[in-house]
Amino acid sequence: MLINVPETVVADGLRGMAAAHPELTVDVENRLVLRRDAPVAGKVGLVSGGGSGHEPLHAGFVGPGMLSAACPGEIFTSPVPDQMVKAAAAVDSGAGVLFVVKNYTGDVLNFDMAAELAEEEGVRVARVLVDDDVAVTDSTFTAGRRGTGATLFVEKIAGALADEGASLERVEAVARQVNASARSFGVALSAVTTPAKGSPTFDLPSGELELGIGIHGEPGRERRPMMTSGEIADFAVHAVLEDLRPSGPVLVLVNGMGATPLLELYGFNAEVRRVLSERGVPVARTLVGNYVTSLDMAGCSVTVCQVDEELLRLWDAPVQTPALRWGR
Amino acid sequence: MLINVPETVVADGLRGMAAAHPELTVDVENRLVLRRDAPVAGKVGLVSGGGSGHEPLHAGFVGPGMLSAACPGEIFTSPVPDQMVKAAAAVDSGAGVLFVVKNYTGDVLNFDMAAELAEEEGVRVARVLVDDDVAVTDSTFTAGRRGTGATLFVEKIAGALADEGASLERVEAVARQVNASARSFGVALSAVTTPAKGSPTFDLPSGELELGIGIHGEPGRERRPMMTSGEIADFAVHAVLEDLRPSGPVLVLVNGMGATPLLELYGFNAEVRRVLSERGVPVARTLVGNYVTSLDMAGCSVTVCQVDEELLRLWDAPVQTPALRWGR
Amino acid sequence: MLDTDFFRRWMTATAAAVDREADRLTDLDAAIGDADHGTNLQRGFTAVTAALGGESPATPGAVLTLAGRQLISTVGGASGPLYGTLLRRTGRALGEAPEVSTGQLAEALGEGVAAVAQLGGAQAGDKTMLDALLPAVQALGTSAEAARDAALAGAAATVPLLARKGRASYLGERSIGHEDPGAASSALLVGALVEAAGASGGGGA
Amino acid sequence: MLDTDFFRRWMTATAAAVDREADRLTDLDAAIGDADHGTNLQRGFTAVTAALGGESPATPGAVLTLAGRQLISTVGGASGPLYGTLLRRTGRALGEAPEVSTGQLAEALGEGVAAVAQLGGAQAGDKTMLDALLPAVQALGTSAEAARDAALAGAAATVPLLARKGRASYLGERSIGHEDPGAASSALLVGALVEAAGASGGGGA
Ligand SMILES: Nc1ncnc2c1ncn2[C@@H]1O[C@H](COP(=O)(O)OP(=O)(O)O)[C@@H](O)[C@H]1O
Ligand SMILES: Nc1ncnc2c1ncn2[C@@H]1O[C@H](COP(=O)(O)OP(=O)(O)O)[C@@H](O)[C@H]1O
Ligand SMILES: [Mg+2]
Ligand SMILES: [Mg+2]
Ligand SMILES: [Mg+2]
Ligand SMILES: [Mg+2]
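Protein chains in written order, with my numbering: chain A, 1 to 328; chain B, 1001 to 1328; chain C, 2001 to 2205; chain D, 3001 to 3205.
To be clear, the hints were calculated from the coordinates, so they are not data collected in a lab. C-beta atoms are modelled at their ideal positions from N, C-alpha and C, and glycine is treated no differently. Possibly wrong hints are sitting among the right ones.
Stretches of chain A that chain C covers, calculated by requiring three or more beta carbons in the stretch to come under 8 Å of a beta carbon on chain C [to be verified]:
| hint | stretch |
| --- | --- |
| 1 | 71-79 |
| 2 | 98-110 |
| 3 | 142-154 |
| 4 | 197-204 |
Generate coordinates for the entire structure from the input sequences, incorporating the hints supplied.
Written as C-alpha cells, this is what we have:
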C-alpha cells in the first residue's frame, strides 16, 4: 500500500486533495470538502458523505453542478454527525440542505443524528436514501438494498437542479426519482485489502469471482468459477433488469471497483451494451471508469438509470468537480 | 481478468469506447480513434499511439484541445505503421501532422516507418520523441530514457497550440520544449498480469517494492523493502530533481499505475508537495489520477514539468476528451 | 454502591479490552462485514479515555454520557451511534446520583439497550450486539460475573444465526457460521464491569 | 537449389516453431522485457501463413518480401519492424530468380541482417536477435544445420550479456543472466531452414 501509517490515510488524502484542488475548500481537521463559494445565495445545499475508500466518491464530486460538501469517514466507516452538522451549517444559504445518504446502517444512523442536530441549529434538512443494489433483497429482514453506483446519478442530477435554484422540496423529489429509477449489480474479481487490516478481507482464488458484492469488501451472495466479460455482463444486466424495466432511454454507469484496468472496463461496456440492446433498452448516455470504488478491489458494477427528458437535461448540465467535468 | 479472451481485449475495448463516446470516431477494424471533426481545416494534426494497457493514454486523450487521433497497439506492443499512416491521412488538413512518440524501440521503429510512408503519400510529418523517465540512464549504451508521464503534458500542451492554428514547426517546437522540461520516476508495489501471459510478469513479494519501473510491467532498477508514502515521495522527487532543476513553477502529475486507490494517490500527492516545497519548487498545477497506467499494476509515478507563462496558458486552455476535460 | 470512579474504571477497562481484542473484532467483521469493527471501537474508546483524562465528570451518569458523546463523535459506522446511544441513555437514566447500586445500573442499562433496539430496529436473534446485551442486562440483576458470562454466551450463540440487520444481512445464508463482531465487543464491554469491580478490591459490581 | 516452395516451407516451419515455443519466448520476455514476444511473433507468422495461403508469390524473393510486409503490418513492437526488415531485405536481395543457391541465400540473409543492424543500431554483443543472426549467417556458408547450431549457440551466449538495446537495456545489470527473447526466436527462424530442407526429402539447404 502507498501509505504512511493506516491511522493517517484519510487525513493524508485530504491534504493531498487540498494541494491538488485549490478550487475547493478542504478542511483537514474537520474532515470536510466544500465548494469554495459555499453557501451560494438562494441555492439548496447538497451534502453527502460516507466511508473513505470509494474515491472519487464523494469528495471528488464536490463543485458547481454537483455536491456542495462531502464528509469523508474513516476507511469504509460512516463519518460522524459532527462532520455533517458542520457541513450543513457551512453550505446552508437559508434554502435548506439535502443529505444524500447511501443506505447502510452506519450512514443512516449518523446522518439521522446529524439531521436532528442541524435542525436544532435552524437548518432545514431533507434526506434521500440511495438503495440501488439489486444483489440485496429489500425486505424487513435485511438492512435493505445498499447504496452504490446510483449515488453518482443522484448527486449529479440533484446537484444540477439545485444549481438552477430549485427549492429543497424539488431537489429532494428529483433525487428520490433518480434513486427509484436506478439499479446496480456488482462483481468482484479480487478481495479488498484495507490499510488497517493489511490483508485481503476474504479469500478469493484467482480462478473464481464473487457475484453481488457491495463496495466495502464484504463477500457477495455467491461465488462462481471465473466467467467471461460477456457472461458477467449477461448476469449483471439481467439481474438489474429483473428489478427495473425501463420503458425509455437509460443512463449507464460501467464502474470499476478500483483495480480493474480501464481497457477491460471499456471491453465490459461493449458487452453491457450488447445485452441492453438484446433486451431492447436504448442507451442515452454512458459513463465508463472508476467512480464508486472499493480501494484496490478488482471488479466492476453496472448501474442503469431510466431517464425522462428532464433528468437527461440535468445529467447533461455543466458540472465542474475533480472527477466529473463537462459543459460550463 | 474482466475479459473475454486475450486475443480480443483491444478490439473489445475499442467497441466499448465506441459505445461510450459517440463524440469520437472509433474505427475498430483499423484500430483508430479519431476526433469526429478531423481533419480540421488549417489545423496541424496530432497523432499518437503505443501499446494498449496504458489507458486512458492515448485514446482517452483524443478530442478538441488534445490529440487528433490515437493508434492503439496490442497490449504493451507498439502499433503497426499501417495504423499511423491511416491516422495521418485522416487528420491531415494540409497543415501537416505531428507524431508524438514515446521512446521505446518498437514505437520509434514503427512510427519512423509510418512517417516515411505517410510522406510518400504527401503528408508533411514531424516527430517528437518523449523520453522523460530518469530511472533509465540516457546513453548510447541503452535504448535511451523511456517515455512515460510527460506524454500527457506533451499531448495536452501541443494539442492546445495546434488548436490555435499554429504551424507544424511551432507545434513541434513546443512539444520538444515540454519534453525537455519534464522528468518522471515510477515505483511498483505489484507486478502486472497481462491477459496473454495470465500470471504476473515478475514476482514481487508484498513487503517489497520496485524502484524505477516503466509502464510495461518490466522490473525496475532496484528492489527494496516496502517504504512509506513519504519515503517514496522523497526518493522519486529527488531522482527527478537530480536531472531537472526547475527555476520556476512546475506542473505535477501524480499518476497511478492502475490499481492504486485514488485515496492513496492523493495521500502521496501530499508527500510530493512536501518534498517539492522543501526543495523550493513552486507548483502551478497538479493532476492526480490514473492517466498513464500499466494494466493492473499497483504503484505510482511522479512527473514534474517546468513551465513558462506560455506553457501554463496552453495547459489551462480548454480540452474536451474522455479523460481530460476542462474549460470550453 | 458504585461510585464515579467505578464508572471511570469500567470505561478504561473496556478501552483496554478493545485494544487487546481489536484484531479479533476486525477479523470477525472481515468475515461478514467490512473489517473495521476493531479499529472503530479502538478509535472510539481511545477518545473516551482521553476525554475522561481531560474532563472530570462528577457522577456515574456524567461519565457515561461523556463517553457516549465521545463514541458518537469519533467512531462513525453503525457501532458509533449504537454504542454512543447505549452509554448516553444509560448515563441519563442514572441521573445525577453520586453513587448507584448494581440494581440501578442494571435498570439503567436496560433502558440503554432498549434505546439501541429502537434506534437500530433490531430484535433478539437478528445477530447483532443485542444478542449479547439483552441477556447481560437480565443477568446483571445477579452479578457482574453472571452478566459477563451471559454476554459471552449470547455472543457465542450468534454463530449459527442468519443476520437480519447491519452489513452481515447482505450475505444472507453466508452470514451463518460466524460470530457477530458487535456481539463480541458487547461481551468485552460487559466483561469490563467485572474488571472494574475487581480493580477496586471490592466484591463485584 | 532452393525453389519457391522451399521458402514457403521455411516460413511455415517458422510459424509452427513459433507456435510451439510461444510461451517460452513470452516467458523470456517477461524476465527482461514486457512479456509479449511470443504472442507478437505468433500473431505475425499466423498472418504470414495466411498470406502465403491466399497469394501465390512466384519467386523465393517474393515469398520473403510478402512475409516481411505481413510482419510489419501485424506484429508491431520492436520485433515487427526488425523481422519485417530482415525478410524484406533478404527477399529483395534474392531478386527475381526462380531458384537460388544456398550461397546466394547466405549472402542475401547477410544483407537482411545488416539492415536489421542499421535499423536498430545494435551491434554484436548488445544482447539482441543479432547475436543469433550474425553467427548464423556466417555458418550458413557451410550448411543449414551449421547455421541452426550457430544461432542456438549465439542465443545461449546472450545469457551472461548486459543488454544495451531494446527494453532489456532498462534493467541495466539486472538484464544479466537471462536469454534474449529475440535471439531465441531468431534461432527458431534459422532452425526452420533445416526443417524446410528436410521436408523436401533433400539433403539440406
Ligand atoms: N441495526 C442494528 N442494530 C443493532 N446492532 C447493529 C445493527 N447494525 C449493526 N449492528 C452491530 O454493529 C456491528 C458492526 O459495527 P461496525 O463494524 O463498527 O460498523 P459498520 O457495520 O458500519 O462497519 C455489527 O456486528 C452489529 O453487532
Ligand atoms: N535495437 C534493436 N536491435 C536489434 N534487436 C532488437 C533491438 N531492440 C529489440 N530487439 C530485439 O527485439 C526483441 C523484443 O521483441 P518484442 O518483445 O517482440 O518487442 P518489444 O520489445 O517491443 O516488446 C528483443 O529480445 C531483441 O532481440
Ligand atoms: Mg464500517
Ligand atoms: Mg512489447
Ligand atoms: Mg464494520
Ligand atoms: Mg516484448
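Results of checking the hints against the structure:
1. 71-79: Coverage by chain C holds for the stretch 71-79 of chain A (7 residues, Cβ < 8 Å).
2. 98-110: Holds: 5 residues of the stretch 98-110 of chain A have a Cβ under 8 Å from chain C.
3. 142-154: The restraint on the stretch 142-154 of chain A holds, since 3 of its residues have a Cβ under 8 Å from chain C and three suffice.
4. 197-204: holds (count 3)
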